[in-house]
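Asker: Protein chains in written order, with the numbering used here: chain A, 1 to 306; chain B, 1 to 306; chain C, 1 to 306.
One should not assume that every hint holds.
To be verified - Keeping only pairs whose Cα atoms sit at most 30 Å apart, straight-line, the calculated DSS-like set for lysine-lysine is: (1) A:147 <-> A:69; (2) C:147 <-> C:203; (3) A:285 <-> B:69; (4) B:304 <-> A:285; (5) B:147 <-> C:121; (6) C:69 <-> A:304; (7) C:285 <-> A:304; (8) B:147 <-> B:205; (9) B:121 <-> A:147; (10) A:285 <-> A:69; (11) C:304 <-> B:69; (12) B:121 <-> A:69; (13) B:203 <-> B:121; (14) A:69 <-> C:69; (15) A:69 <-> C:304; (16) B:285 <-> C:304; (17) C:253 <-> A:121; (18) B:121 <-> A:253; (19) A:304 <-> B:149; (20) C:246 <-> C:203; (21) C:121 <-> A:121; (22) C:253 <-> B:304; (23) B:304 <-> A:69; (24) C:149 <-> A:121; (25) B:205 <-> A:149; (26) A:253 <-> A:121; (27) C:69 <-> B:285; (28) B:304 <-> B:203; (29) B:149 <-> A:69; (30) B:285 <-> C:121; (31) A:246 <-> A:203; (32) B:149 <-> C:121; (33) B:253 <-> C:121; (34) B:253 <-> B:304; (35) A:121 <-> A:304; (36) C:69 <-> B:69; (37) A:121 <-> C:203.
Please keep in mind that the hints were generated in silico from the structure rather than gathered at the bench.
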Amino acid sequence: MLPFDSLISATQLTPEIISDIIATTDNMATNIQQQGRIDLLDDKVVALLFFEPSSRTMMSFQSAAQRLKAGMVFAQSASATSIEKGESLEDTIRMVESYSDIIVMRHPRPGSAAIAAGTSKVPFINAGDGGNEHPTQALIDAYTIAKHKGRLDNLRVVFGFDSLQSRSIHSLSTLLAQYPNNHFTFTGPAELNPSTDMLNELKSKGAQCEIVPEVNLSDGYDIVYVNRLQEERFNEPALFEANRRKYRLTQDKVSGTDCLILDPLPRIDEIDTAVDCLPNALYFKQASYGVPVRMALLSMLLGKAI
Amino acid sequence: MLPFDSLISATQLTPEIISDIIATTDNMATNIQQQGRIDLLDDKVVALLFFEPSSRTMMSFQSAAQRLKAGMVFAQSASATSIEKGESLEDTIRMVESYSDIIVMRHPRPGSAAIAAGTSKVPFINAGDGGNEHPTQALIDAYTIAKHKGRLDNLRVVFGFDSLQSRSIHSLSTLLAQYPNNHFTFTGPAELNPSTDMLNELKSKGAQCEIVPEVNLSDGYDIVYVNRLQEERFNEPALFEANRRKYRLTQDKVSGTDCLILDPLPRIDEIDTAVDCLPNALYFKQASYGVPVRMALLSMLLGKAI
Amino acid sequence: MLPFDSLISATQLTPEIISDIIATTDNMATNIQQQGRIDLLDDKVVALLFFEPSSRTMMSFQSAAQRLKAGMVFAQSASATSIEKGESLEDTIRMVESYSDIIVMRHPRPGSAAIAAGTSKVPFINAGDGGNEHPTQALIDAYTIAKHKGRLDNLRVVFGFDSLQSRSIHSLSTLLAQYPNNHFTFTGPAELNPSTDMLNELKSKGAQCEIVPEVNLSDGYDIVYVNRLQEERFNEPALFEANRRKYRLTQDKVSGTDCLILDPLPRIDEIDTAVDCLPNALYFKQASYGVPVRMALLSMLLGKAI
Chain A
1 MLPFDSLISA TQLTPEIISD IIATTDNMAT NIQQQGRIDL LDDKVVALLF
51 FEPSSRTMMS FQSAAQRLKA GMVFAQSASA TSIEKGESLE DTIRMVESYS
101 DIIVMRHPRP GSAAIAAGTS KVPFINAGDG GNEHPTQALI DAYTIAKHKG
151 RLDNLRVVFG FDSLQSRSIH SLSTLLAQYP NNHFTFTGPA ELNPSTDMLN
201 ELKSKGAQCE IVPEVNLSDG YDIVYVNRLQ EERFNEPALF EANRRKYRLT
251 QDKVSGTDCL ILDPLPRIDE IDTAVDCLPN ALYFKQASYG VPVRMALLSM
301 LLGKAI
Chain B
1 MLPFDSLISA TQLTPEIISD IIATTDNMAT NIQQQGRIDL LDDKVVALLF
51 FEPSSRTMMS FQSAAQRLKA GMVFAQSASA TSIEKGESLE DTIRMVESYS
101 DIIVMRHPRP GSAAIAAGTS KVPFINAGDG GNEHPTQALI DAYTIAKHKG
151 RLDNLRVVFG FDSLQSRSIH SLSTLLAQYP NNHFTFTGPA ELNPSTDMLN
201 ELKSKGAQCE IVPEVNLSDG YDIVYVNRLQ EERFNEPALF EANRRKYRLT
251 QDKVSGTDCL ILDPLPRIDE IDTAVDCLPN ALYFKQASYG VPVRMALLSM
301 LLGKAI
Chain C
1 MLPFDSLISA TQLTPEIISD IIATTDNMAT NIQQQGRIDL LDDKVVALLF
51 FEPSSRTMMS FQSAAQRLKA GMVFAQSASA TSIEKGESLE DTIRMVESYS
101 DIIVMRHPRP GSAAIAAGTS KVPFINAGDG GNEHPTQALI DAYTIAKHKG
151 RLDNLRVVFG FDSLQSRSIH SLSTLLAQYP NNHFTFTGPA ELNPSTDMLN
201 ELKSKGAQCE IVPEVNLSDG YDIVYVNRLQ EERFNEPALF EANRRKYRLT
251 QDKVSGTDCL ILDPLPRIDE IDTAVDCLPN ALYFKQASYG VPVRMALLSM
301 LLGKAI
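From just these sequences and the hints, can you work out the full model?
Answerer: If you want it as structure tokens, here you go:
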């Protein structure tokens, strides 16, 4: 059902594939609501290798596997595995592939997902490899936009506030750049503007891009996608503090706009909690879509989607 | 089946509710014996958030969920979660509620259970919030007494040896104080006597209370409920050592009495292992009731009890 | 189906028992291939107590339990359990036996498995107790040899490179010594030769034993079973480095021989990765047999094998 065995990068996700995954996700969401759990992967075992902490991604993959009634095997934490004894990632994968029918891996090293997928005889899903890629998050974000805007093209999207380091912003903008007439406005502290490489990549795919120090969300934007600022990126605490106050969504900035508010979470200071009650505050709904999207992926990669 | 969606405190447990839970627990115990596992929660997913180590409570909740064939999702340990990145407990719950049908949480902070339950859209069970409350332990204790004494009233109960800090003693005495003619004798090192607040609270509910430095268990007591002394509560090692020897159940103190011996465990020095073989040594049986009691609670809160 | 309730030591495994386990393992392997998962232990709960990290053993027991559709309960890591609070191993087992139908335990202390099995009312499997025993690994090794050589007798086996400390070499050689006409050649750094006790034990069972500093694998050997050298066993880094280079299987040493290459893994330096593609390189296949062997053991100890 998918033209690949392993999902390593958001660049594998063409509009046609995304459209298939969205349709399957809709089915999965309906199944959860009507039946709670379904027998679809009852004969499969999913390996969850989280060699780096990740509560959100880990728990939503667990929930996806359990709602499909798959069995699960877990690695103990990275510090508790053979990896510490010096075993290569390839050897670890050769072991785990014989204990499971599909492998989901989060690993701190950029590029590790490609190595693991290249070794594995069973399907593989990259659940984040360092600062490199997090394709299932990009799919969740795309699903949220498709669901609540009805389209993935002709969008005016604001990305903030750390576009330099965020693999979520990188993956989602790359994915959306494939669709016609998308326009990206990057905002945030100058230190955290997207790299020239990233901008050139997006432009080469046809997206219009601009970088601005400040943005007025009522100027016809469709989506604002934000993430937290990390203190360690700033030389002085005072500079961090100033940016933290400036780059923060508050009720007065977002209420009354049609702008959907997304955040891959965890949320620290980038969105005021007073925003949570607004109808366009979609970040918790976005998190909830992690389960049906990952159910769709597990099923499709195992040739079992419905 | 229960007049609440979330179990936060032993004070929610009226005699009528306790009676319902005991009846359901009996059914669950029979089910385990006859069938091993039953399909009752086959369509549900239980989230187990243990942000503080707890082998006994954690494993018995796991066992309860598995014997009901529920799916499970786990948080990685507290130090490995977004909580470390500064996410609020409310945001964590908003995430987990979309991954599960019921949340069980242990958290080091007193009062965290009420906050979590107030946020959660799915039923919630407090599995211990710091030194505050541990209502499912109180239910296990009450079930043990009801099962082996045939009643929860007209009891003469000895509590020792650290009534000051034990949330188990606090919760169980509060629960039993609701029944007529219960009499509590607190014993142990003077430093660890119950607080005046706690005594007043118990007396206001109708329980008779006394504090004594020593007690003779053959003087018609029905139950002796003990927990371990913690070395760090004593200023001098010699003082701890003296108390440790004095406040310790041995065969000569308990054999020949009708006094049921309970302990929330783990047991360190407070009960000599020679006591284990006596017919009134019930602490391991008490621990075993953790599974059917928690099966009853999970089922009843999900509206599925049988 | 087995003449014991608990598997503690490879010395319990007579040729007749091994033969039964091999037959059941074959059935389990067929079941995995044909059905993925089977309902055999659908009514059971398996407790996995890993008080010491072990990715391979832990994950293959999880996979075995899940492929049999058993429920699972886990202890949190050793540092996160009551064991840290001073609870005895006996008390821990008395708790866990009431939460499960069979206990699998890895523990750092030699002899702990016998203590736990002596306490437990439910069947028990030793998944490694310190440097003492690891009987399920010995069964996996025996299964691999039986499967690929067609016999467990009349074998010429090379063991290297650390026969002194390896519980895997200890357990497998003990197991094979029961069969007629087996011949063991130990090789490796002199510091890591097997102990005189171990040699005497093997000889007393009828095995022929020799120790040699070097071996030519094309001299009619049937099996070479190796494990990694540990740096901390050598006084000087230079000595370790020299041994590490010398005692290492490379293509030129093994290709063209009929010698099956086994390794309990993880593999560090003891086998060059260029060897992996050879038809006699069986170590990843050997690891994969961990699942059906452990399925066989869980089922047989629970009286449910097919």
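Asker: Evaluate each hint against the coordinates.
Answerer: Each hint tested on the structure:
For the hint pairing residue 147 of chain A with residue 69 of chain A, the CA-to-CA distance comes to about 26 Å; that is within 30 Å, so the pair holds. Between residue 147 of chain C and residue 203 of chain C the alpha-carbon distance is near 26 Å, which keeps this suggested pair within the 30 Å criterion. Distance check on the hinted pair: residue 285 of chain A and residue 69 of chain B sit about 28 Å apart at the alpha-carbon level, within 30 Å; holds. For the proposed pair residue 304 of chain B and residue 285 of chain A, the alpha carbon gap of about 27 Å is at most 30 Å, so the pair holds.
For the hint pairing residue 147 of chain B with residue 121 of chain C, the CA-to-CA distance comes to about 22 Å; that is within 30 Å, so the pair holds. A hinted pair counts as satisfied when its Cα atoms are at most 30 Å apart, and residue 69 of chain C with residue 304 of chain A qualifies at roughly 20 Å. As the CA atoms of residue 285 of chain C and residue 304 of chain A are separated by approximately 27 Å, the hinted pair is consistent with the 30 Å bound. A threshold of 30 Å between alpha carbons decides the hint, and for residue 147 of chain B with residue 205 of chain B the separation of about 24 Å falls inside it, so the pair holds.
For the given pair, residue 121 of chain B sits about 22 Å from residue 147 of chain A by alpha-carbon distance, which is consistent with the 30 Å threshold. Restraint check: the Cα-Cα separation between residue 285 of chain A and residue 69 of chain A comes to about 23 Å, which is no more than 30 Å; the hinted pair holds. At most 30 Å may separate the alpha-carbon atoms for a hinted pair to count; residue 304 of chain C and residue 69 of chain B meet this at roughly 20 Å. About 23 Å separates the Cα atoms of residue 121 of chain B and residue 69 of chain A, which keeps this hinted pair within 30 Å; it holds.
For the given pair, residue 203 of chain B sits about 36 Å from residue 121 of chain B by alpha-carbon distance, which is inconsistent with the 30 Å threshold. Distance check on the hinted pair: residue 69 of chain A and residue 69 of chain C sit about 10 Å apart at the alpha-carbon level, within 30 Å; holds. Proximity of residue 69 of chain A to residue 304 of chain C is assessed by CA-CA distance (about 23 Å); at most 30 Å being required, the pair is judged to hold. With a C-alpha separation of about 27 Å, the suggested pairing of residue 285 of chain B with residue 304 of chain C holds against the 30 Å cut-off.
Pair hint residue 253 of chain C plus residue 121 of chain A holds up; C-alpha atoms about 28 Å apart against a cutoff of 30 Å. Annotation: proposed proximity of residue 121 of chain B to residue 253 of chain A holds, straight-line Cα distance about 28 Å (limit 30 Å). This hinted pair does not check out: residue 304 of chain A and residue 149 of chain B have alpha carbons roughly 55 Å apart, beyond 30 Å. Taking the CA atoms of residue 246 of chain C and residue 203 of chain C, the gap is near 28 Å; set against the 30 Å cutoff, the hint holds.
Proximity of residue 121 of chain C to residue 121 of chain A is assessed by CA-CA distance (about 41 Å); at most 30 Å being required, the pair is judged violated. With a CA separation close to 65 Å, the supplied pair residue 253 of chain C and residue 304 of chain B exceeds the 30 Å bound. Restraint check for residue 304 of chain B and residue 69 of chain A: satisfied, since their Cα atoms lie roughly 20 Å apart, inside the 30 Å limit. Taken as a hint, the residue 149 of chain C and residue 121 of chain A pair is honoured in the structure, with Cα atoms around 26 Å apart against an allowance of 30 Å.
As the CA atoms of residue 205 of chain B and residue 149 of chain A are separated by approximately 58 Å, the hinted pair breaks the 30 Å bound. With a C-alpha separation of about 50 Å, the suggested pairing of residue 253 of chain A with residue 121 of chain A is violated against the 30 Å cut-off. With a CA separation close to 28 Å, the supplied pair residue 69 of chain C and residue 285 of chain B stays within the 30 Å bound. For the given pair, residue 304 of chain B sits about 37 Å from residue 203 of chain B by alpha-carbon distance, which is inconsistent with the 30 Å threshold.
Taking the CA atoms of residue 149 of chain B and residue 69 of chain A, the gap is about 42 Å. The hint is violated against a cut of 30 Å. Between residue 285 of chain B and residue 121 of chain C the alpha-carbon distance is near 13 Å, which keeps this suggested pair within the 30 Å criterion. Between residue 246 of chain A and residue 203 of chain A, the direct Cα distance comes to roughly 28 Å. Compliance with the 30 Å bound is thereby established for this hinted pair. Between residue 149 of chain B and residue 121 of chain C the CA atoms are separated by roughly 26 Å; this keeps the pair inside 30 Å, and the hint holds.
Between the alpha carbons of residue 253 of chain B and residue 121 of chain C the distance comes to roughly 28 Å, so the proposed pair stays at or under 30 Å and holds. For the proposed pair residue 253 of chain B and residue 304 of chain B, the alpha carbon gap of about 45 Å is over 30 Å, so the pair is violated. The hinted pair formed by residue 121 of chain A and residue 304 of chain A meets the criterion: a straight-line CA distance of about 18 Å does not exceed 30 Å. Note on residue 69 of chain C and residue 69 of chain B: the hinted pairing holds, with a Cα-Cα distance of about 10 Å set against a maximum of 30 Å.
A hinted pair counts as satisfied when its Cα atoms are at most 30 Å apart, and residue 121 of chain A with residue 203 of chain C does not qualify at roughly 43 Å.
Checked against the numbered hints above, the structure violates hints 13, 19, 21, 22, 25, 26, 28, 29, 34 and 37; every other hint is satisfied.
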